[in-house]
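In order, the protein sequence lines correspond to chains A and B.
If you count the first sequence from 1, position 66 lands on 66 in my numbering, and the numbers rise without skipping.
Each position in the second sequence, counted from 1, maps to that position plus 1000 in my numbering.
Hints are supplied without guarantee of correctness; some may be wrong.
Covered, in the sense of this in silico footprint (three residues per stretch, anywhere, with C-beta under 8 Å from a C-beta of chain A), are these stretches of chain B [what the hints assert, rightly or not]:
| hint | segment |
| --- | --- |
| 1 | 1063-1075 |
| 2 | 1105-1111 |
Partial chain B-side listing against chain A, Cβ under 10 Å, derived [unchecked claim]:
| hint | residue |
| --- | --- |
| 3 | Val1012 |
| 4 | Gly1016 |
| 5 | Glu1018 |
| 6 | Ser1027 |
| 7 | Gly1028 |
| 8 | His1029 |
| 9 | Phe1033 |
| 10 | Tyr1035 |
| 11 | Gln1037 |
| 12 | Asp1086 |
| 13 | Val1089 |
| 14 | Phe1091 |
Just so you know, the hints here were simulated from the structure itself, not pulled from any lab data.
Cβ coordinates follow ideal geometry from the N, Cα and C atoms, glycine included.
Residue-level listing of the chains:
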Amino acid sequence: AQKVTQAQTEISVVEKEDVTLDCVYETRDTTYYLFWYKQPPSGELVFLIRRNSFDEQNEISGRYSWNFQKSTSSFNFTITASQVVDSAVYFCALSEANTGRRALTFGSGTRLQVQP
Amino acid sequence: DAGVIQSPRHEVTEMGQEVTLRCKPISGHNSLFWYRQTMMRGLELLIYFNNNVPIDDSGMPEDRFSAKMPNASFSTLKIQPSEPRDSAVYFCASSLESGRGQETQYFGPGTRLLVL
């Protein structure tokens, strides 16, 4: 069965620090998709990125970057020069292509607090 | 373009009452998901529709929960009778599922349900 582990329950940093959120996944499917979502204090779930299992290129979007490594089943998320507005709960999620299970399996989330 | 729309945003009811949550997916999307978020269990799938047909309802807790999707632009999740343990945030999400595989799920703002 699929599983997503976010071992860091809560991280607190000071503004302008870099921070990395860890995500480790388990799946038996050969084709799968990984996602990161942000849940700010207002409660909505905001999509950040989607990565296919056959595309191991890392990605950078502004201050955000993602490191996908199939060898260690990890999909880590780094925020560079963090800002107070980055304070939120971040969820890593997985869906599988070949099992027919389209639902997302979420990790337990990492709460990031960025102090001014 | 409008995102996923959910109503009501907040619902407070008494134990034993019927509760109906509503969702309008993003226009053109053919897959719809209902998730529930609680402190104890995190984010978990309740049910998934594709082309208005329920595909995976393995997450529906029990017979008190039912979901329908009468057309491509509307879905309901009903709880009857409601119980205090149903208190949670209920999210609706939609995506476009094509032959290319799993696309991104976009979430609505959620309905925060409190059963007294």
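The hints, checked one at a time:
1. A stretch counts as covered by a chain when three or more of its residues have a beta carbon under 8 Å from one of that chain; for the segment 1063-1075 of chain B and chain A the count is 0, and the coverage is violated.
2. A count of 6 residues in the segment 1105-1111 of chain B with a Cβ less than 8 Å from any Cβ of chain A is obtained; the coverage claim is therefore met, three being the minimum.
3. With a least beta-carbon distance of about 16 Å to chain A, the hint placing Val1012/B at the interface is violated under the 10 Å criterion.
4. At a threshold of 10 Å, the smallest CB-CB gap from Gly1016/B to chain A is about 27 Å, leaving the interface hint violated.
5. For Glu1018/B, the interface hint is violated, since its Cβ never comes within 10 Å of a Cβ in chain A; the closest pair sits about 24 Å apart.
6. The beta carbon of Ser1027/B comes no nearer than 17 Å to any beta carbon in chain A, farther than 10 Å, and the hint placing it at the interface is violated.
7. At about 17 Å, the closest approach between the beta carbon of Gly1028/B and any beta carbon in chain A exceeds 10 Å, and the interface hint on this residue is violated.
8. Look at His1029/B: its Cβ only gets to about 12 Å from chain A, farther than 10 Å, so that hint breaks.
9. Hint status for Phe1033/B relative to chain A: holds, with the closest Cβ pair at about 6 Å, below 10 Å.
10. The interface hint given for Tyr1035/B holds, since its Cβ lies 8 Å from the closest Cβ of chain A, which is under the 10 Å cut-off.
11. A least Cβ separation of about 9 Å between Gln1037/B and chain A falls short of the 10 Å threshold, and the interface hint therefore holds.
12. With 10 Å as the threshold, the beta carbon of Asp1086/B stays out of range of chain A, its nearest partner Cβ sitting at about 18 Å, so the hint is violated.
13. Taken as an interface hint, Val1089/B checks out: its beta carbon lies about 7 Å from the nearest beta carbon of chain A, inside 10 Å.
14. Hint on Phe1091/B holds. Least Cβ distance to chain A is approximately 6 Å, under the 10 Å limit.
Checked against the numbered hints given earlier, this structure breaks hints 1, 3, 4, 5, 6, 7, 8 and 12; the rest are met.
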